[in-house]
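Number of protein chains: 6
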Amino acid sequence: MDIRITKEVENALLEDAPWGDITSKLTIDKHQSSIAHLMSKSDSVACGHEYFLSSFKLLDETISIETYIPEGNWVKSSEIVMTVKGNTRAILQAERVGLNYFCHMSGIATEVRKIATLIGSTDCKVVDTRKTLPHLRLAQKHAVEVGGGINHRMDLSSAILIKDNHICAVGNIYDAVSLAKDRSPHTMNVEVEVTDIDQARSAIDAGADILLLDNITPEQIEKIIEIVPDGIRTEASGGITPLNCKAYAETGVDTISMGYITHSVKSADFSLEFED
Amino acid sequence: MDIRITKEVENALLEDAPWGDITSKLTIDKHQSSIAHLMSKSDSVACGHEYFLSSFKLLDETISIETYIPEGNWVKSSEIVMTVKGNTRAILQAERVGLNYFCHMSGIATEVRKIATLIGSTDCKVVDTRKTLPHLRLAQKHAVEVGGGINHRMDLSSAILIKDNHICAVGNIYDAVSLAKDRSPHTMNVEVEVTDIDQARSAIDAGADILLLDNITPEQIEKIIEIVPDGIRTEASGGITPLNCKAYAETGVDTISMGYITHSVKSADFSLEFED
Amino acid sequence: MDIRITKEVENALLEDAPWGDITSKLTIDKHQSSIAHLMSKSDSVACGHEYFLSSFKLLDETISIETYIPEGNWVKSSEIVMTVKGNTRAILQAERVGLNYFCHMSGIATEVRKIATLIGSTDCKVVDTRKTLPHLRLAQKHAVEVGGGINHRMDLSSAILIKDNHICAVGNIYDAVSLAKDRSPHTMNVEVEVTDIDQARSAIDAGADILLLDNITPEQIEKIIEIVPDGIRTEASGGITPLNCKAYAETGVDTISMGYITHSVKSADFSLEFED
Amino acid sequence: MDIRITKEVENALLEDAPWGDITSKLTIDKHQSSIAHLMSKSDSVACGHEYFLSSFKLLDETISIETYIPEGNWVKSSEIVMTVKGNTRAILQAERVGLNYFCHMSGIATEVRKIATLIGSTDCKVVDTRKTLPHLRLAQKHAVEVGGGINHRMDLSSAILIKDNHICAVGNIYDAVSLAKDRSPHTMNVEVEVTDIDQARSAIDAGADILLLDNITPEQIEKIIEIVPDGIRTEASGGITPLNCKAYAETGVDTISMGYITHSVKSADFSLEFED
Amino acid sequence: MDIRITKEVENALLEDAPWGDITSKLTIDKHQSSIAHLMSKSDSVACGHEYFLSSFKLLDETISIETYIPEGNWVKSSEIVMTVKGNTRAILQAERVGLNYFCHMSGIATEVRKIATLIGSTDCKVVDTRKTLPHLRLAQKHAVEVGGGINHRMDLSSAILIKDNHICAVGNIYDAVSLAKDRSPHTMNVEVEVTDIDQARSAIDAGADILLLDNITPEQIEKIIEIVPDGIRTEASGGITPLNCKAYAETGVDTISMGYITHSVKSADFSLEFED
Amino acid sequence: MDIRITKEVENALLEDAPWGDITSKLTIDKHQSSIAHLMSKSDSVACGHEYFLSSFKLLDETISIETYIPEGNWVKSSEIVMTVKGNTRAILQAERVGLNYFCHMSGIATEVRKIATLIGSTDCKVVDTRKTLPHLRLAQKHAVEVGGGINHRMDLSSAILIKDNHICAVGNIYDAVSLAKDRSPHTMNVEVEVTDIDQARSAIDAGADILLLDNITPEQIEKIIEIVPDGIRTEASGGITPLNCKAYAETGVDTISMGYITHSVKSADFSLEFED
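Residue numbers (the numbering used here), protein chains in the order written: chain A, 4 to 279; chain B, 4 to 279; chain C, 4 to 279; chain D, 4 to 279; chain E, 4 to 279; chain F, 4 to 279.
These aren't lab readings, by the way, just hints derived from the structure by calculation. Check before you lean on any hint, since a few could be wrong.
A short list of chain C residues far from chain D (calculated; beta carbon distances all over 12 Å) [unchecked claim]:
(1) D19
(2) K28
(3) T65
(4) D126
(5) D257
Within a straight-line C-alpha distance of at most 20 Å, the following computed SDA-like cross-link-like pairs (lysine to any residue) qualify [unchecked claim]:
(6) C/K44 x D/I83
(7) B/K10 x B/D46
(8) F/K184 x D/K134
(9) D/K166 x C/S274
(10) E/K166 x E/V231
(11) F/K10 x C/N14
C-beta atoms are modelled at their ideal positions from N, C-alpha and C, and glycine is treated no differently.
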């Protein structure tokens, strides 16, 4: 099991049962064992297998889990994704943590798959943002990938992205980009947020590697892309939804980024069904 | 600052900038200072003040923050909730973590307030569940309270709730409740999930203190409540939404619990606007 | 192994050997193996099996341990509880930590068993308090259960108990109870400390679910219990000892709580005897 | 505040209130402030000031604490040791953790002071052992010092002590001591447990620096000490109690060590009294 | 103070004094205060100010520190960099940890400055590698920057670098680069290690953004650079030392990376001198 | 695996790959497996086996490792120390962390072995200091032992060493030693730094157990040793190098301590070679 996922799931288990599971302790025999099925209650992209599995294994390493539907596959309502066998108390204690991860991650993967499909006829890719929920970035970004998206920078340390507030603090876009280009590590590109064609020109002149076209209509994006030289990548963001994503993707932009796929997504519906 | 919130926000800050904020380091002077406003971009219940504030204070304790709209108040679009003053690099580094907490928590508080208002003419209370996102239970349950809801048990250790899978493992509801009543601490009640009037009768006979009426229509709930003696509390759950919550509340049930308010809620829209 | 017990025992092992066990490293061959017996040196209730076992297993997972006397059983002086086989250095390093847990937990279980036996002819139960030693609550409360007691609330978050200082801060008992009842979660009861029959009446009138009868003589408790309606539970505390516990239990009170069983208990006497 | 004490008290506070103090939240106004006195309810040596103080300061750094009786002083029943002023909720939440440390540490200091006084006419010193309660070694060993004792080794890494089980594993005492002397760091002495005069001779011949005279009568100890050359220190242990400690001290042994002062001591009685 | 540096220095302090500083406790009065100077004993680039300062401040926040020579400046032998004033025990306890950081980081900064100066007439930059000492990456990479170098990727997660072992596992360089280019995030470049001109051609054809020219002579590098199109960056590595770095830099390569500056550097010599 | 080493290597792995290894994820098939050899590229003493092994095992417990050359043995250039077999992605991710430990520890062991050999004709031992790199004390001190050295005190808590700054703060050496002797635990010796024969006399008169002869020429040390009574150990330090260590060792001093073997040592050269 992955070191970091192990630590995260351990903490989630301790958050949910700091002193153990009193209900199971009072009602279930210590040695009883059960079989339970992770069952889908709606159509979705299954995601979160390692988190689900770790929730059970970390409580009792003798629990066995069989997987029928691999991560990333569509699952229909009433289909069984995995079957869990082992100590009843441990299964009951792990159930909610395992489901909380699985339903949330599958919800994200499903939403991203929907967007990816909508723009599938173009070369444009859907990417995530740093608008993830605290402590869940690893799980959420993984779900975006499983859904068919691409991960934007994982954190503030791993890529340069000059946003409106940086530009505001520096004074103008040209200087901000120049400062970054001048001293950036050779492995890094400089991405900069622009909101109109003039800013785009300044950014290009200053040596920007990637333009983040923020809150601009598809029509305007098309015009800006016309002046963007080869080798400079483009990303559109701001108010992109399933309804308008295709229009954005068809502008020729390389990527569209959406915050809602990590901060406002509906959980997929799965439950753990015990065999009688 | 609260010990636990401090630890959670510290971890969120480290998650978002394991090696610092390279963009700000390259573009912003170390000693520059700025003023920035937490501005609402839609109507919502403001929530998450301590998390937002800690995000900045933990990066730089000399940052000062003035609060105009206290937690729990409605805020209209374009209103300023707080103003942040201090070192520009620190503000830029803390911005996203602070907003990620604030937008998510305000989203929950707003949704709960909506439900609380819809059922405001009854004595019924809205409560949350354990369907919270991993590592966010403290923040999410706090937002439910701020919204006007009541917290269900915080974790598996702090209350007894016999669910369908426990009953399945024990064999029948009467035995499950009896086992729990027999050995439960004197401070704890025994709550049990029932799905029809016969189960309710068995649960009452076995001494249950609280009935969780799961996936039952309001009409059926009314009939069950007729047979529930005084002193036994009732909770309805399963498929309750803003559309049908009033019908449930009017059955006379003491509480309605909803999972979606913590696992599938839309973030409220706030941004941090720098003064020029 | 339980996640939380594992973490606690790991920390105890690191506390006792931050840089390893230099004596064993200097005197014992790296590959030597030994057999050692956990032997009782007095009569007591054996308790702490998982802690003892984890102390050895966490240092060397190839150590094997056979258990002869299960947790909760009486063990006589000179009886062997468990036998440990494996690497000598690891056994010597784990020995003290394992014994420190086992002797302390068995000491508590033995004392609680004594009280439980003394009041065994009544329906009254012995319960613990929050007067546990820091970082040892899980282990100590477990030992109370093994001894035959019931756990009071695990922590400040999991039950409501209005004590003298709360009443002092609020001003009077009626208001304190009313405030709590008015806003308490539906899963929780309100327990309140009362010191005479008038306070008991006020508490009952305000809706208290449990009365904590603190520092009152058995005679007075009997009088108070006469006015307590069915459904309200009672707990006696304050100066209850093995000498007077039966008198308290016979008053009809539901539970008696004692702090000394966790904060002032004598360790049971066990040692680890190496086979020649 | 000391880094390690801060971490330990933080963990103790989180252990006692993982989700906050619901009773105080429901009954006490957020902005109320109180004055409370740490009052002795029996005669004892006051100990644990920094732990007590940290319990409050870590929850609310604006709480002020005045100290009247310094650590190590005798306090009589009904005397006030410290006065705490500040936010009522924070004081109520910290109270039990602060008292749990203070009562336990004062109990140890008082017991050690009693022994130190009993043997005060000799040059013998009372020392502690590694029979401390898990996670409490720092606090307990500090209390031993405050009581007038001397700390034995803090852990397995910081001194060499060859015990019966090491000798059993090596085969004989001479070889065990020789192995240790041969390879021990120049800063370390080699202490070895002996149970009769022959073992003492072998230990001395092999170069032992310190003899641990375990489970030997005072009369026998006197005879052994006669053959111990200058420069070799001696320690008596095993069954030493307040009743016989003077007899041991008068044998001329340098130190007597006692496990019960850390594993089986009675808490001192202190309470926190709120001003009306 | 930076959250991560604070955590790292706290751990370093606990590593060096798990139970406090017994020498200072035994010899120095608790209330004594001293003045001590961080003095250079050789010529070097001063580096590690925040780590040095935190070592003292974390032990006692009332210690004051005055800085005369800012980070990055050359300091001559016998010059004073900072002056520390405050509690003597705290200064003595923090001294070694503060010096261990400062001497190591200054050693790195000095070595990097030397290289940067040697290649100062070219546009080539000196960069570090992932050959840092475990747990010291943040401090070491900071020292490289202070010395005048540029940081290569901070970790395996923040940039793509296909090395010989990846190529070996994939089978050939073209496929390895193609796989990476095809699925890499839009913010990331693909860097690939090449060892001759044929590999360089394959890498360029496959779309590599950066070429790592490993273990190649300056003469060969010049030839390879001739075929490298504009926009593709180059890095030389392998056996580059102060003696040959200028020859590498003059080939026209963009950066030269050296492992020895973090894994085999000599500490700079500083001591803490107490005022009499 | 050792608890502490496990924690340290886990943290090193997370430091090097907070979000996983993107290069391997993009280029290597998830199920591919490889064989790789830890090969020496120069002559050195092999050291760090458990750290190297843990780096791989912690990422994937199914990886198998065969060891050909045990810790402490000389290895020649091009010899294979261990062979690693298993999942390719896991091997590639663990490679650098494993090598960073192994090269650094082998570098230390090699340097210490060199010194130990140089002074091998005397009874003098080489010892380390507290001048270790932060967070690496356990690994570095282990390497010193493997090289043939002896560990000085592990930390400030485990031995008493009065240095120049203590003496400066106390006022004179006699008082400093007397204070320490008077109150030191019976297991501990008092070591004190002296810089000339007069200080040595004062230290001896005050009862010092060990003299640290700091920054004195071999000739002067010989003179001081003449006046040192039997039973008092001696340590030389300050400017001792491979060039002059034999002269120091031949003075009759018991130990020579050197800081550079932990703070300024050159890494040994090893690489991980994949089989085609």
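#### Entry: Hints not upheld, ascending by number
Per hint list: 1, 2, 6, 7 and 8 violated.
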